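Colleague: Kindly produce the complete structure, drawing on both the sequences and the hints.
4 protein chains.
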Amino acid sequence: MGIRAAVAGASGYAGGELLRVLAGHPEFEIGAVTAGSNAGSRLGEHQPHLRSLADRVLDPTSPATLAGHDVVFFALPHGESGPIARLLGDETLVVDCGADFRLHDPDEWEFFYNSPHAGTWPYGLPELPGQREVLRRTNRIAVPGCYPTSVALALFPAMMAHIAEPDVVVVAASGTSGAGKGLKTSLLGSEVMGSVSAYGVGGVHRHTPEMEQSLSAVAGEPVTVSFTPTLAPMSRGILATCTAKARPGLTADRLRQAYAAAYDGEPFVELLPEGTWPATAMTLGANTALVQVALDERAGRIVAVAAIDNLAKGTAGGAVQSANLALGLPETVGLTTIGVAP
Amino acid sequence: MGIRAAVAGASGYAGGELLRVLAGHPEFEIGAVTAGSNAGSRLGEHQPHLRSLADRVLDPTSPATLAGHDVVFFALPHGESGPIARLLGDETLVVDCGADFRLHDPDEWEFFYNSPHAGTWPYGLPELPGQREVLRRTNRIAVPGCYPTSVALALFPAMMAHIAEPDVVVVAASGTSGAGKGLKTSLLGSEVMGSVSAYGVGGVHRHTPEMEQSLSAVAGEPVTVSFTPTLAPMSRGILATCTAKARPGLTADRLRQAYAAAYDGEPFVELLPEGTWPATAMTLGANTALVQVALDERAGRIVAVAAIDNLAKGTAGGAVQSANLALGLPETVGLTTIGVAP
Amino acid sequence: MGIRAAVAGASGYAGGELLRVLAGHPEFEIGAVTAGSNAGSRLGEHQPHLRSLADRVLDPTSPATLAGHDVVFFALPHGESGPIARLLGDETLVVDCGADFRLHDPDEWEFFYNSPHAGTWPYGLPELPGQREVLRRTNRIAVPGCYPTSVALALFPAMMAHIAEPDVVVVAASGTSGAGKGLKTSLLGSEVMGSVSAYGVGGVHRHTPEMEQSLSAVAGEPVTVSFTPTLAPMSRGILATCTAKARPGLTADRLRQAYAAAYDGEPFVELLPEGTWPATAMTLGANTALVQVALDERAGRIVAVAAIDNLAKGTAGGAVQSANLALGLPETVGLTTIGVAP
Amino acid sequence: MGIRAAVAGASGYAGGELLRVLAGHPEFEIGAVTAGSNAGSRLGEHQPHLRSLADRVLDPTSPATLAGHDVVFFALPHGESGPIARLLGDETLVVDCGADFRLHDPDEWEFFYNSPHAGTWPYGLPELPGQREVLRRTNRIAVPGCYPTSVALALFPAMMAHIAEPDVVVVAASGTSGAGKGLKTSLLGSEVMGSVSAYGVGGVHRHTPEMEQSLSAVAGEPVTVSFTPTLAPMSRGILATCTAKARPGLTADRLRQAYAAAYDGEPFVELLPEGTWPATAMTLGANTALVQVALDERAGRIVAVAAIDNLAKGTAGGAVQSANLALGLPETVGLTTIGVAP
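Chains as they are written, first to last, in the working numbering: chain A, 26 to 367; chain B, 26 to 367; chain C, 26 to 367; chain D, 26 to 367.
Treat the hints with care, as some may be off.
One copy or two, it doesn't matter: identical chains are merged, so the pair holds either way.
With a Cα cut of at most 20 Å, we get these calculated SDA-like pairs of lysine to any residue [what the hints assert, rightly or not]:
| no. | residue 1 | residue 2 |
| --- | --- | --- |
| 1 | K270 | G225 |
| 2 | K206 | G61 |
| 3 | K270 | A64 |
| 4 | K209 | S66 |
| 5 | K270 | P108 |
| 6 | K270 | E70 |
| 7 | K206 | S62 |
| 8 | K270 | L354 |
| 9 | K270 | R323 |
| 10 | K206 | E52 |
None of these hints come from the bench; they were simulated from the model.
None of these values were measured; they are calculated from a predicted model.
Modeller: Right under this line is the structure:
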């Protein structure tokens with residue numbers, strides 16, 4: 026008998042990717058698949074690629090349909106997981122891919138999300154210092170946002186080594202699946218193909234405080250992030266370009282050592298060989314982050330770049346990685362590191 | 026009789042775009058079209074979209090084939106335009122889309138291009154302060170690089186108004202045509218589709234000193250640029266995201282006024298209405314730059330974004346705009362501001 | 026004073042392309058721009074690429090707002106142009122980009138469109154035999170559908186020369202703008218990028234009877250078309266691959282002669298040099314059709330391929346080409362033949 | 026100890042996909058990885074997505090390096106596998122992803138490939154009638170071409186049921202990886218993005234006789250195929266639209282029954298629910314073919330459409346599926362049916 030897993034929000038992109046990963050996972054058995062307005066319809070109508078699950082009927086998302094599972098994954102709009110999670114017992118591992126339980130600071134939450142703070146759960150990024158141990162002992166996990174995953178992985182080694190000033194600039198390009206499956210003119214194929222566009226400029230993107238929270242914790246001092254997201258003409262992928270002033274005296278060797286040390290033995294993060302740079306396509310469908318870093322000696326800046334698949338390592342893969350830890354499974358089970366390329 | 030124009034390097038992407046613009050320009054008559062290794066073949070083999078010019082045969086690029094024109098446009102690899110330009114008389118307007126004559130500082134040139142400095146010509150960006158008058162009185166024009174065009178337009182109003190610190194971070198996404206038509210595995214469609222990748226990271230891209238030169242001149246003090254280019258899955262377009270620390274006390278209103286003042290009446294730069302952000306597809310094939318700016322009060326940063334078509338305003342359109350000025354024509358003649366969208 | 030032109034349906038893709046073409050046309054002056062549910066808003070909200078028209082406010086689409094123009098272009102959902110057209114006087118040229126007035130046979134109309142037949146107007150495809158003269162003497166024009174334009178141009182020379190059997194198979198790939206700006210999950214960028222899909226299979230696409238009508242008229246006998254449309258990951262473009270059994274004894278030379286004769290002197294159709302094949306990108310934004318044909322001697326079939334920009338030659342460019350004729354202007358004025366490539 | 030598998034041609038796209046599939050296969054152990062001109066370099070230089078294999082060094086492709094494996098997969102240019110295969114013993118399973126051993130008729134081979142015929146091996150398409158049993162008893166497998174896989178799966182049920190005339194028209198769209206990793210201007214991202222183009226038109230594509238061979242064998246009479254390939258702006262995927270005249274009296278129900286019967290229980294082919302049509306993205310990275318069929322009663326034609334990933338079910342997935350059979354493993358082991366979507 027496998028570990029019974031439910032997915033709430035199964036008709037969206039994050040939910041579909043959770044199901045794709047779970048269907049290939051040797052330890053999980055897929056239980057309830059639920060949805061909001063799509064409840065009652067076949068999963069295959071919404072996720073035609075999930076062939077083996079196509080005839081499942083979507084249940085309504087509710088405590089009743091989600092009860093009785095060993096793990097419940099939430100892929101819901103923010104604000105919706107809290108009320109349901111509260112009704113699930115401690116014996117159930119709850120993994121929330123939404124934002125509700127990511128931020129520590131209620132003021133930040135309320136400022137950016139304009140709603141009451143639901144609380145804070147352990148943050149599902151095992152690569153952060155000490156976090157793997159935390160995740161092994163929890164039954165509640167807040168999966169990081171896709172952008173914050175890429176930014177934390179690009180920059181925490183520099184912050185941990187105290188070689189970067191705590192004033193960071195991030196410009197990231199995301200594929201359109203990061204914006205979800207909602208119907209907006211700006212997300213039509215005719216609009217996005219052949220085009221890169223900016224949005225959420227000026228420090229207003231909701232992922233900003235989450236980035237600051239992770240990096241500040243590692244740095245041991247407040248880190249400020251200026252974050253600009255852009256939309257690129259691809260379905261999946263995030264490329265985050267992150268830069269911070271180098272502390273005086275930093276050398277390229279020392280910089281590389283900091284990253285090599287941070288990622289030595291990490292199964293899902295690869296510090297690329299010198300001279301090569303990340304491309305998002307290399308991570309497609311894989312729970313992989315590709316990281317590279319350079320010292321711009323002219324400008325006195327560290328430039329770190331990370332590539333992930335926003336739905337995989339950025340959402341569903343990361344969620345399963347953390348769930349593996351919380352369930353006492355090997356961290357890598359059921360997760361591939363090889364992207365579908367070209 | 027029109028103004029006779031020659032295009033050197035007509036089988037490449039920049040040369041093809043020059044011919045597209047010139048073919049639609051009411052004052053120009055297309056004379057010699059030349060190439061290097063492709064000399065002797067039909068233009069239509071290399072530029073099948075240029076239907077009205079398809080049967081032209083490519084001459085070899087040389088002073089002899091380029092002589093006798095009113096204007097010669099160079100779209101050659103760097104290092105190749107200098108020797109030929111020297112042999113063209115003062116009565117010929119020479120417009121170089123290559124890098125050879127852009128930089129003032131021979132040391133910067135030699136560091137980044139690893140070859141002797143050929144000299145400096147007036148910089149073909151009429152929107153820069155005072156530059157329009159310079160271009161009206163020259164017979165030699167160095168067309169800016171595509172990335173530097175986008176960065177100068179995004180940031181010079183802030184630099185001119187002394188509201189930004191002179192330490193700039195730029196991350197720009199470019200379509201693949203900016204990398205030219207040379208055969209490299211990394212430029213194959215199979216590699217670039219569905220992928221955003223970084224390259225030239227760490228202050229090593231050759232356009233960096235050009236950006237610093239323009240912005241420093243406007244700021245009246247040395248400006249440092251940390252520049253990271255990325256490659257996006259589209260043929261054309263640059264989106265440059267540029268950020269600098271705001272000087273103390275800057276308000277969003279003051280910031281917007283600086284930009285509104287700088288671009289008031291500019292025919293080819295549009296400061297977008299508040300709340301809307303540039304998308305490169307809106308500029309496709311047009312000599313247009315779309316600019317927007319925001320004050321990130323949290324991070325204390327100005328964030329300015331510009332979108333252009335790298336081959337149009339970023340190369341061929343910009344070249345013709347400057348040539349119009351040098352030839353005493355209306356600046357806007359033969360140039361569209363409406364992109365081909367969606 | 027220019028010819029005053031109104032565009033009804035100006036917030037959609039076809040309407041936007043009409044405005045793009047009209048704005049670059051030396052003889053037209055843009056009058057009313059109207060919309061349905063978007064009436065009252067700025068054009069720039071919907072068509073940010075139309076910079077010079079951005080501040081126009083959309084009027085409601087009605088006989089009152091459209092009256093008083095020399096030309097009215099309709100870019101409306103089918104069924105909406107008829108009632109308004111009837112109220113516009115004979116002194117107004119009415120050019121309908123919708124389907125309402127394309128079909129002769131009321132039964133075909135009713136079967137495919139499930140609504141009463143509004144009538145039949147001269148068909149706006151000047152390249153068809155004799156059609157140019159018809160268009161010079163009309164004040165009502167039914168612009169062909171985008172697919173039927175490509176198919177008629179690919180096949181009418183073969184049908185006219187009686188070298189093909191009247192039983193045609195067409196498979197065409199279209200960019201997503203052909204499906205319009207309506208919000209459907211299947212048109213989201215996340216769904217269409219990286220994917221080619223079939224739809225409307227089995228002879229059910231509404232453009233089928235229109236193809237049969239054109240080809241039958243040229244052939245002088247009933248022509249049957251099996252038409253399968255597919256959706257390709259690009260914003261614009263149609264590539265129509267069309268095949269019919271060759272009549273006995275047909276040679277490749279005779280085939281090529283038929284096409285060369287049909288397109289000799291045509292300004293907007295290019296029969297490509299032997300050995301080269303159409304690519305849609307070569308036609309982007311241009312009123313151009315690229316055509317090539319081959320004789321498959323093994324299978325005994327003529328294979329003809331045409332590439333157009335569905336919004337340009339396939340809609341707005343074709344509309345203006347026909348309007349030019351009806352207004353006594355040179356057929357080619359205001360229309361480019363050079364695509365924006367690469 | 027796993028089954029030791031070698032991959033010859035490991036630096037190309039087919040070789041990379043073989044390695045991706047083999048790396049996820051529980052029964053295989055990857056032995057030699059070989060290349061031609063890339064021998065001596067790290068695999069990671071050529072296949073950066075294959076993280077776990079990145080440090081493998083490519084051996085030269087030769088009988089010596091390939092000897093001593095249980096299975097050898099060839100992903101070589103045609104003509105290169107024959108001489109090496111002859112030197113591998115009968116105890117080695119040889120699976121050739123190239124064309125050398127696909128065709129029965131030496132004249133067809135010589136006409137289309139312009140080289141001497143090497144012989145014929147069992148055809149690696151287990152879904153064809155009786156073929157599964159053949160593959161269980163062979164030590165040599167000719168993996169079908171990617172287009173012929175899609176066409177055979179789209180049409181053999183109709184041919185087997187004798188409900189279609191033996192005169193078939195196929196138009197297929199392929200992603201660019203099908204054209205390989207060779208450096209050609211026409212395959213540059215700048216050329217292929219935003220464009221669908223035709224090539225190999227007129228019955229000259231080398232996959233044509235292979236399609237005819239498969240369909241003729243099933244039909245029990247000679248089947249003629251008119252095949253037109255097109256290139257679509259995506260890295261992976263084939264959508265094949267296939268049509269043939271229906272035999273008199275065919276009904277839509279009878280047609281569907283023929284397909285339902287042919288694919289009942291097939292693990293890797295899905296006959297889609299009525300009213301839905303294949304999209305290539307649904308098969309990305311999966312060994313899946315999606316098939317749908319309709320009866321066009323107007324035109325009297327069967328229209329069948331199949332979508333596959335050209336590198337997966339069309340090459341490497343299909344190769345492993347057949348190898349599983351030949352090795353006595355469960356047919357489905359190591360192969361996913363769930364595509365990476367969106």
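Colleague: Hints first: check each against the structure and report whether it holds.
Modeller: These are the hints, each one checked on the structure:
1. For the identical chains of this complex, K270 and G225 are inter-copy neighbours only, at 18 Å across copies versus 24 Å inside a copy, given an alpha-carbon limit of 20 Å.
2. For a Cα distance limit of 20 Å, the shortest separation of K206 from G61 inside one copy, 13 Å, qualifies, whereas the shortest one across copies, 26 Å, does not.
3. Neither within a single protomer nor between protomers do K270 and A64 lie at most 20 Å apart by alpha-carbon distance, with minima of 50 Å and 42 Å respectively.
4. For a Cα distance limit of 20 Å, the shortest separation of K209 from S66 across copies, 17 Å, qualifies, whereas the shortest one inside one copy, 23 Å, does not.
5. Neither within a single protomer nor between protomers do K270 and P108 lie at most 20 Å apart by alpha-carbon distance, with minima of 42 Å and 41 Å respectively.
6. In this assembly of identical chains, the alpha carbons of K270 and E70 never lie at most 20 Å apart, being 49 Å within a copy and 31 Å across copies at closest.
7. Within a single copy, K206 and S62 get their C-alpha atoms as close as 13 Å, which meets the 20 Å cut-off; across copies the closest is 24 Å, which misses it.
8. Proximity of K270 and L354 under a CA criterion of 20 Å is satisfied in neither setting, with 40 Å inside one chain copy and 46 Å between copies.
9. Within a single copy, K270 and R323 get their C-alpha atoms as close as 11 Å, and across copies as close as 18 Å, so both meet the 20 Å cut-off.
10. In the homo-oligomer, the alpha carbons of K206 and E52 never lie at most 20 Å apart, since the shortest distance is 29 Å inside one protomer and 38 Å across protomers.
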